[in-house]
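Number of protein chains: 2
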Amino acid sequence: SRILSGTELSKVIRTRIAAKVQAAGGTPGLAVVQVGAREDSNVYIRMKRKAAENVGFKFVHVHLSGTVTQSEVLSEIAALNNDRSISGVLVQLPLPSHLNEKTVTESVHHSKDVDGFTSTNVGLLMKGDLKSTFVSCTPKGCLALLQENNLPIAGKVAVVLGRSNIVGRPIASLLEKHNATVILCHSKTANLTSIIGMADILIAAIGKPGFVTGDMLKPGCVVLDVGINSVADATRKSGSRLVGDVNFDSCKTVASAITPVPGGVGPMTVAMLLENTLEAYNRGVRPQGGDWKLMPTPLKKLDPVPSDIAIAEVAVQKPVLSLAEEVGLDRSEVLPYGMGLAKIDNSAVLERLQSQKNGKYVCVTGINPTPLGEGKSTTAIGLVQALGAHLQKNAFACIRQPSMGPTFGIKGGAAGGGYSQVVPMVDFNLHLTGDIHAISLATNLVAAAIDARILHESTQTDTALFNRLVPEHKGVRSFNDIQLRRLRKLGITQSLPAELSESERARFARLSINASTITWRRVVDVNDRFLREITIGESATEKGLTRKTGYDIAVASELMAILALSNNLSDLKTRVSKAVFASSVDGDPLTLDDLGITGAVTVLMKDTLMPTLMQTLEGTPAFVHGGPFANIAHGNSSIIADKMALKLVGEDGYVVTEAGFGADIGMEKFFNIKCRASGDIPNCVVLVTTVRALKMHGGGPNVVAGKKLPSAYTSEDLDLVKLGSSNLARHIESANKFGVPVVVAINRFTSDTTREVELIREIAISAGARGAVEADHWKEGGAGAVELAQQVVEACKLESDFKVLYELEQPIEAKIETIVKEIYGGSGIEISPLAASRIEDYTRQGFGNLPICMAKTHLSLSADPTAKGRPEGFVIPIRDVRLSAGANFLYPLCGTMSTMPGLPTRPCYYDIDLDPVTGKISGMM
Amino acid sequence: SRILSGTELSKVIRTRIAAKVQAAGGTPGLAVVQVGAREDSNVYIRMKRKAAENVGFKFVHVHLSGTVTQSEVLSEIAALNNDRSISGVLVQLPLPSHLNEKTVTESVHHSKDVDGFTSTNVGLLMKGDLKSTFVSCTPKGCLALLQENNLPIAGKVAVVLGRSNIVGRPIASLLEKHNATVILCHSKTANLTSIIGMADILIAAIGKPGFVTGDMLKPGCVVLDVGINSVADATRKSGSRLVGDVNFDSCKTVASAITPVPGGVGPMTVAMLLENTLEAYNRGVRPQGGDWKLMPTPLKKLDPVPSDIAIAEVAVQKPVLSLAEEVGLDRSEVLPYGMGLAKIDNSAVLERLQSQKNGKYVCVTGINPTPLGEGKSTTAIGLVQALGAHLQKNAFACIRQPSMGPTFGIKGGAAGGGYSQVVPMVDFNLHLTGDIHAISLATNLVAAAIDARILHESTQTDTALFNRLVPEHKGVRSFNDIQLRRLRKLGITQSLPAELSESERARFARLSINASTITWRRVVDVNDRFLREITIGESATEKGLTRKTGYDIAVASELMAILALSNNLSDLKTRVSKAVFASSVDGDPLTLDDLGITGAVTVLMKDTLMPTLMQTLEGTPAFVHGGPFANIAHGNSSIIADKMALKLVGEDGYVVTEAGFGADIGMEKFFNIKCRASGDIPNCVVLVTTVRALKMHGGGPNVVAGKKLPSAYTSEDLDLVKLGSSNLARHIESANKFGVPVVVAINRFTSDTTREVELIREIAISAGARGAVEADHWKEGGAGAVELAQQVVEACKLESDFKVLYELEQPIEAKIETIVKEIYGGSGIEISPLAASRIEDYTRQGFGNLPICMAKTHLSLSADPTAKGRPEGFVIPIRDVRLSAGANFLYPLCGTMSTMPGLPTRPCYYDIDLDPVTGKISGMM
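Protein sequences appear in the order of chains A and B. In this text, residue positions in the first sequence follow the numbering used here: the first is 1, and each later residue adds one. In this text, residue positions in the second sequence follow the numbering used here: the first is 926, and each later residue adds one.
It should be emphasised that the hints constitute simulated quantities derived from the structure, not laboratory data. Hints may be right or wrong, so weigh each one.
[Stated by the list, open to error] Simulated crosslink set (DSS-like; lysine-lysine; CA at most 25 Å straight-line):
#, chain 1, residue 1, chain 2, residue 2
1, B, K1056, B, K1113
2, A, K218, A, K208
3, B, K1662, B, K1722
4, B, K1143, B, K1133
5, A, K797, A, K779
6, A, K779, A, K708
7, B, K1704, B, K1633
8, A, K177, B, K1662
9, B, K1473, A, K548
10, A, K301, A, K779
11, B, K945, A, K131
12, A, K707, A, K821
13, B, K1102, A, K208
14, B, K1704, B, K1226
15, A, K578, B, K1845
16, A, K218, B, K1143
17, A, K548, B, K1468
18, B, K1218, A, K188
19, A, K606, B, K1845
20, A, K821, A, K722
21, A, K131, B, K1027
22, B, K1143, A, K188
23, A, K252, A, K11
24, B, K1704, A, K474
25, B, K1218, A, K102
26, A, K920, B, K1468
Being a predicted model, the structure only gives us computed values, none of them experimental.
Model the full assembly from the supplied sequences, consistent with the hints where possible.
Below you can see the structure in the form of C-alpha cells.
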C-alpha cells in the first residue's frame, strides 16, 4: 500500500509557506507562552522556533517562571493579543496545576488562536464556517494528508477512534464538513471491531500501541495513525521506540494507504501551525485606510422638527467601539471614555497608515454672517451625512470642541442642529474627554509660574537663586536638560555648575521678566466678565508685587492654538518650548523653556493630542478636536484629526472640516496658516450662504438675536438678494485665488422662494463657483444635502491647484496688506504707532517670518461691522500686533477683540436641569 | 411500541419550571427580537410569550420594522445584553435578507444565548462543557425525551439523519457526550439504508415526509422524528396535514419507542427554551457582594527600593476591566477611561447590592505628624495589600484624589510610596477621570454668575430685570421650576407671573447681594499664590463694580466637600441647592438655588459621583474619590466610594479608608461628620506613628523638609520616645471615646531600634490600644504589613460600640468646646468678637444645628504648631466661624488657614518631562 509520508509532505508545505511569506513582504509573528520548564515542552518549543524561523516568521518565546500567577499569564496573553507584530499565539500545554488551563487557553483572542482551542473557533468549525475558524493542527494535518494525496473523502465512511478535544472530536467534525459519513468511536462504543470494519477512512487516536490490526480493516481502506506511544525495545540504544495506535506491519498489506509512525501525522502538526499562523497574518493584515464597513443609522424624522436636545435624546447611537471598528480602527487604537466617546491614538493610526494616500479634503466656510449665524456647522454635518449615509462614500467630519462658556451663557450648544447633529450631544457640550480642562490647567500653571518667578527673583540674591534652581543632590549640583537648553540659548557653553562664572550664574538664574510685557494670561472656560481686568498679588505674602492682568476664555489660550496646529507630540513639545510669555528687561523674548516648564505642560497635555471619536445622527464618524478661538487665533479644528481622517477614509473618501467665522477670516486662515503648517492639500471649498444673510448685505434692516425677524427677510425680495450677493461673489473670488474650486450651499429656510434661490445660483456660478445648490439638511438630515454632496464629489475630481497667498519671507506689513487687498478687497492698511513698534520688535526678535492671523470682525469684509455687502476703498486699521510664538503666528488686531464673553441676565444655565431619579438632562440648547 | 409524547412531557417540565421560578423568588426575563412581521413568526412568538408567562417569566417582545438597519438590530441586542432584567435573548429567524443572520445571532451574548446558536456555545457543546453552554432547544428536547423516558443512550448506536446547525450537528454532538456511538448522515452519505439499519436510536431531521419506513429499522430501535412537513390531505378542512420524516404507521410496529408528529419533538422545543432561560437566570443571578475571584499581582521587589515612579512604571497592571470582574462588578457598571482607569456606576452598584450586609470599616489615621508626614497613605495601601494579597480577604482601599497643585509644586505625588502604591501613578497625579476639573468649572461658573448678577441688578430697573428673568416665549411669561422654588422660599404662593404684585416681582428679581458678605471664591487646581487676594471687575465694561476676592486651590471648593459627603445624586443636588454664597443686604442667606444655578452645577458634576477604580501594586482594588481640603473642610474621601466598597467586599471583607491630617482632626471629622452623614459604622482605627515623630514630640530638634535629619532621629533615644509617646496616648484615648478599637501601626524606618519599637508598643497597649505592631510595607509591600493586618482582623471581630461625640442640637459654642476638651485636651475656647457675631448670625439663620468642622493646625494637638507632645491647659482661640451650608457643616477657624499654596523657587515641574518618541514620563515624585 501507499505510505503517506508526513515528513515529505510537511517539507513541501513549509517550502510553500516560505514562498508566500517572501511574496507577502511582511513578517508573520508566532508567540509561544511557556510556563515552567518541562523538558518535553522545551523540545517542542525549540522545534517550533526552528520551523517558524525557517519560513521567515518572527518567533517570540514568552517564558514565564513556574510560580507565575494566573493573572500574570493572562496579562502576558493580553499583551500578545494587542501586539500588532504577533499573528498567532499559543500556550504550550500542559500548564502547572495551579493554573486553570481552560481560562488561560480561552484568553487567547480567537483571531490569534492558531491552535484552534478556543470555544469560538471550535464552534465555528462545528458550524462549518471554515473560513473564519482555525482548525487545530493535528486534525488539520490529517485532512492535508488525505487531500494532498488526492484521497477522496466525500461519501466515504470515516471511523474516528478516540474523542479528545484536540484530535478525535475536531477531526470527526472536519471530515463531516468534507462530506464523509463519520462514526466517532470511544471507550463506550459497542462492537468496535465491526465498526472499524466499515471504515473507508480510519483515524486512530486512542493512545493504545498497535491496537488496530490488519484483520479488523476493510480491504483498501485508508489508515491515518495519530498515536504516538513509547514501547520497550531492547534492540534500541534508548531501550524504547515510538509506535502508533495501528499495527503497521499487519495493516499495510490490507490498507490502500497508511501513515507510518514516526514520520506520518506527527511532522504535519508543526507545518499546520505555520499554515494557521500565515492564515492569521493574512486575515489580520493591518487594514489600509478606506476599508470601511459603515452601517448608517436611519433617521426617524418628525415634522415639525423638534428641539435639538429632543432629537439628540432619542437618537439611536452605535456603541463607539462598533463605530470605531466600522471605520477600520484597530481596537488597540481606541481608548473608550464611557460608552459614547473614545479617544483615538493619533500616533498609532498615523504610523499604521503612513503609506495610505489621502482622501479628498473639503473645507466648509461661509459668507459674512448675520448675528444669528448661517448654519456652517449644520451644513458641514449634513454634508458628511449625505456623503456617508446616502452616497455610500467614506466620509469623516472633523469639527471643533466647543467652549463650555456658551453652553451655560448665551448661545447654547454647538453640535449642529435639527437632523444634522453630532451625538452624544450633552457630552459634546460639557467636558467631552477633558482636553479644554487640561489646556486650562496647563495655561494657569504657566501663569502661576511666571508670577512666582518674579517674586522669587525679587526676594533672593543671585547666589541663593542659583543654588535653589540648581540644588545639591548628594553633595553635587547639576543642570537638567531644560536648564542646559537655557544655558546654550544664553551662549554659555559650560555644562557643569561649578564652571560658570558669577555673572553667568546670574544670567542663568534671572529671567528678569519685564512685568509690563507679560502676554500670558490666565484662562477659565466660563463666561466670567469680572475677570477681564483684575489686579493680582494683593495678599501681603506677595510683598506688594501687584500686577494688572486678566483672564481669557479657555479656548483663547495659546496652548489651544498650539494643540490645533501640531502635527504630532514632538511638534507640540517644540511649540510649547518656543511659546513666548514676556520680554526680559533687556527686551529679549522669554519662552516657556526659559521658565523650565515645557515638560510639565507637555505631560499635562499628552492626552489632548488624541481626537475624540463621535458620530452624526446618521451614524457616520466625526472627530472632535481642538477649538482655538476665532477672535484672536485661527479658529480651525486640529491638524491631527484631519490627518487621521484623511488616511482613514482612504483615497476615495472625503474629510469635511469647518473653518470658523466667514471665509475672509476662517477660510483664509485655513489655507494660509493651517494647510501651510500641515502640508495637506484642500480639494474643495463649500461656501454656506442664506437668503436672509444676502438680504442683510443688500441693505435689509438690522437683524438682532432674540428679536422678531423684519418682514423683508420673510417675503420675496429679489433686489435685496441681488445687491447682497456681492458679498458672496467676493468670497468665491477669494477661494479661487487659492486655486480651490467652490461649491455654494444655500442653506434653506422655509420662507425662501424658488426665484430667490435661483438668482443666487446664477450669481454664484457667474462669480466663479463650480456649483451652487440648495440644501435642506436641518430638516431632512443627509437626505437634504445629497445634491450638495454630489456637487462636492464632482468638484473634488478636479486636479487641485492649491497655493498659499503670501510667502513667509515678506515683511510683516506686506503680508497684512496682501490679505487686506486680496481677500477683504480693501485699499490698504493703516498701522498705529503701537503696532509699528511691535512689528519692529518682533522683526528684531526673529519673528518677522511668521504667518499672519488677522483679528478682525466677522460681520463685514472690512473692519467696520456695519459695512455690509462688498465694501470698497476701505482701509484696515492695525491697532496692535501680537505674537503667538508657539502657535507660530502673529496676530494683528484690527479693533477691540473680546477674549472673555459675559453672562446675560438670564443665562442658559437657568434652564439646565437634571432629574436625579431618571438622570435625564433638560434645557440644554 | 411506546409513543413518546412530547405534549405530555413538556407539560411536566413546564410545571417543574413554574415551581422553580416560584421558589427562586426572582423573575427570569426572556426577550425575543423580531424583525418584520412574518405570519409564522408571529405565531411562534405568541406561543413563546404564552409559555413564558405561564411559568412566571417576564416576556419582552422587541418588534422592529422590516426595514430596520443591521446597526439598529445590533444596538437593540446590545441593550438586551446589558439589561439586568433579561436572562435570555433570542432572535426570531428567519431575518429579512438585508440583514446578516450570522452577525446578528453572534451578537447575542453567549451567557444569554438561550437558543445556543453562538459559536461560543456551540464550541462549548462540542468540547463537552455542558455546564457552561446552552444546547439549542430541539436537540435538547430530543435528549430530554430519551432521558425522561429512561431510554438508555450510552453505548448505543445513534444515527442522525441531517446535519443542520440547528438540529443534526448539535444532537450528534450531544448524544456523543452522552456516550452514544454516533453516525451523522447527510446527502452525501452512501448506503444510507444500511446505516439506518444499524441504529439503536434514530433521529430523523431531513425534511422529507415519511422518508424513514419500518423496513429500514433495526427492530426495537428508538425513533425520534424531528421533521415537520406539510402534505396535502383532502380529508382535512385545511387541505393539508403535518407529518414527520418518519412513516409513523410502518415504523411504530418495528420500533420499541417512537415520537408522533405532531405532539412529539415539537412541543419540547418551547419547554427547553424555558429551561435554558431559567438556567441562564440561575447562572446570572446578580452576584451579591463578596463574590470575588481576585488574582493578586506578585511584587518583584528590588533592594534598595527604587524611586516611586520607577516602581510604578515597571509594575504589572491588570486591565481595569479584569480587575472589575474579579471584584464582582458587572460589565454594565464599569465605564472605562482608557486602559487603566474606570468610573464605576454608583447608583447601579448600590441598587444591585442594597440587601448586601456591609464589610468591616477601617479608618487609617495618625498622630500629629512632623512636616515630613508619617506615611498614613502608604500604611493604608500596605494594609489593604496585606489583607487582600496575603491574608486572602476581600479588601478595598478608598482614598482621596490628590490636587494637582502639589504634583507640580512642592510635594510631588500622593499615590502611596515604595512597594505600597496605587497605579497607574501618572494618571493618579494628573487629571484622573476629570472630577476636580468638573468641580473647578462648576465653582467658577457660580462665581461668574454671582458677579454678573450684581452687575445686572445694579444696571436694570425692577421691571426690566423681571422681564428678562422671566422672558416671553410665544407671547407668554412663565416661571420654571427653580424660579417657583424661589417664590415659595419668599413666601409668594402665586405661580403665574401676571399674578405677582409690583413689589413681589422686585423681591423675586432682586437677590440684593451684599457684596461684602460673598464667601464663594473662585478656584484653580494650581499653586497660584498671586491669586490669594485680587481685585476683579476692573474693566470699564463692569462699570466700576470692582470687588476684592481671591482664589482657593480647587479642592477647597465647597462643591468638593459636597461631593465627598453626598450619599447619592439626589443628596448631591439638594446640597448644591442649599449652598450659601452670600447674604442679602437684609442679612438673609442666599443660596445657589436663589441664583438659579442648581441644575447646571448638578449637570456639570453628574459624572463626578462615580468613583474611579484603580489598583494597588499587588493587584487589589482601590477607589479614588473625592478629596476635600483638610485645612478648611473635612479631609476625608467620599461616602459613596466607601458605601460601594463596603457592599462589594461582602460581610467578611474589609474597607480601608484614610482620614487626612492627625487623628485630632481627620479621625474626629471622620466620625463626627462623615460617619454621621453616611450612617456607616466604623469597626477599627489604625493609628500610624513613627519613632521619628514621637522623638519630635518628646522634645527632639526641629524637623525641616529638605534639610538633613538631626542625629537624635537616627540613633536610639528611649527617653525622647517615651516623652513623645504622650501624643500617641492622647489619640488612642480619643479613638476609644468613640467606642472604636485602635491598632497602632509603627511605620518602620531603617534607623529605628527594636527597643524603641518595643517601648512604643508597651505605651500604646497601656494607653488602651487593642494592638500595636511594626509595619514595613514601604520596603516589603503587603508582606510587610501582614501582622498589622492580622491585628486589624482581630480588632474588627469586636462588636462595634460606635457613638458620635456631640449631639447636633447643642449650641455651636458647646459643640466646639466638646471637641477641644475631649479630643485636643484643651481647657476651653476663646471666641473672638467676629466669631461671636457669626455664631449669632448663623444661629439666627437656622444653621445652629450643623456639625463642626474645626480648621486647626495638624502639627499640634493645640492651635500652636510648636506645642508638641501632649500639651495641657491650653485655650483654643476661635478667630472666625464660617458656613458650608451645602456640605452641611460650620468651620471655626483657629488660626490663619492657607487655602492657596505657593510655588517654591524650584518647583516639581522643573523636573517633569515627557519623551515625545517613547512617551515615557520622568521626574514625577
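Evaluated hints:
1. Of the supplied pair hints, the one linking K1056 (chain B) and K1113 (chain B) is violated, its CA atoms being roughly 33 Å apart against a limit of 25 Å.
2. Distance restraint check for K218 (chain A) and K208 (chain A): the Cα-Cα separation of roughly 20 Å lies within the 25 Å cut-off, and the hinted pair is therefore satisfied.
3. With a C-alpha separation of about 19 Å, the suggested pair K1662 (chain B) and K1722 (chain B) falls inside the 25 Å cut-off, and the hint holds.
4. A hinted pair counts as satisfied when its Cα atoms are at most 25 Å apart, and K1143 (chain B) with K1133 (chain B) qualifies at roughly 20 Å.
5. Restraint check for K797 (chain A) and K779 (chain A): not satisfied, since their Cα atoms lie roughly 29 Å apart, outside the 25 Å limit.
6. About 21 Å separates the Cα atoms of K779 (chain A) and K708 (chain A), which keeps this hinted pair within 25 Å; it holds.
7. Restraint check for K1704 (chain B) and K1633 (chain B): satisfied, since their Cα atoms lie roughly 21 Å apart, inside the 25 Å limit.
8. Distance hint between K177 (chain A) and K1662 (chain B) is unfulfilled; the C-alpha atoms sit about 77 Å from each other, more than 25 Å.
9. For the given pair, K1473 (chain B) sits about 14 Å from K548 (chain A) by alpha-carbon distance, which is consistent with the 25 Å threshold.
10. For the given pair, K301 (chain A) sits about 8 Å from K779 (chain A) by alpha-carbon distance, which is consistent with the 25 Å threshold.
11. With a C-alpha separation of about 43 Å, the suggested pairing of K945 (chain B) with K131 (chain A) is violated against the 25 Å cut-off.
12. At roughly 35 Å between alpha-carbon atoms, K707 (chain A) and K821 (chain A) are farther apart than 25 Å, so this suggested pair is violated.
13. With a C-alpha separation of about 22 Å, the suggested pair K1102 (chain B) and K208 (chain A) falls inside the 25 Å cut-off, and the hint holds.
14. Taking the CA atoms of K1704 (chain B) and K1226 (chain B), the gap is about 8 Å. The hint holds against a cut of 25 Å.
15. Pair hint K578 (chain A) plus K1845 (chain B) holds up; C-alpha atoms about 21 Å apart against a cutoff of 25 Å.
16. For the suggested pair K218 (chain A) and K1143 (chain B), the alpha carbons sit about 23 Å apart, so the restraint of at most 25 Å is met.
17. The hinted pair formed by K548 (chain A) and K1468 (chain B) meets the criterion: a straight-line CA distance of about 17 Å does not exceed 25 Å.
18. Note on K1218 (chain B) and K188 (chain A): the hinted pairing is violated, with a Cα-Cα distance of about 37 Å set against a maximum of 25 Å.
19. With a CA separation close to 11 Å, the supplied pair K606 (chain A) and K1845 (chain B) stays within the 25 Å bound.
20. Restraint check for K821 (chain A) and K722 (chain A): satisfied, since their Cα atoms lie roughly 24 Å apart, inside the 25 Å limit.
21. In summary, the hint linking K131 (chain A) to K1027 (chain B) is supported, as the alpha carbons are separated by about 13 Å, within the 25 Å threshold.
22. At roughly 20 Å between alpha-carbon atoms, K1143 (chain B) and K188 (chain A) fall within 25 Å of each other, so this suggested pair holds.
23. Among the hinted pairs, K252 (chain A) with K11 (chain A) is consistent with the structure: their alpha-carbon atoms are about 24 Å apart, no more than 25 Å.
24. A C-alpha spacing of about 22 Å is found between K1704 (chain B) and K474 (chain A), which places the hinted pair at or below 25 Å, so the restraint holds.
25. Between the alpha carbons of K1218 (chain B) and K102 (chain A) the distance comes to roughly 15 Å, so the proposed pair stays at or under 25 Å and holds.
26. With a C-alpha separation of about 39 Å, the suggested pair K920 (chain A) and K1468 (chain B) falls outside the 25 Å cut-off, and the hint is violated.
This entry does not satisfy hints 1, 5, 8, 11, 12, 18 and 26, going by the numbered hints stated previously.
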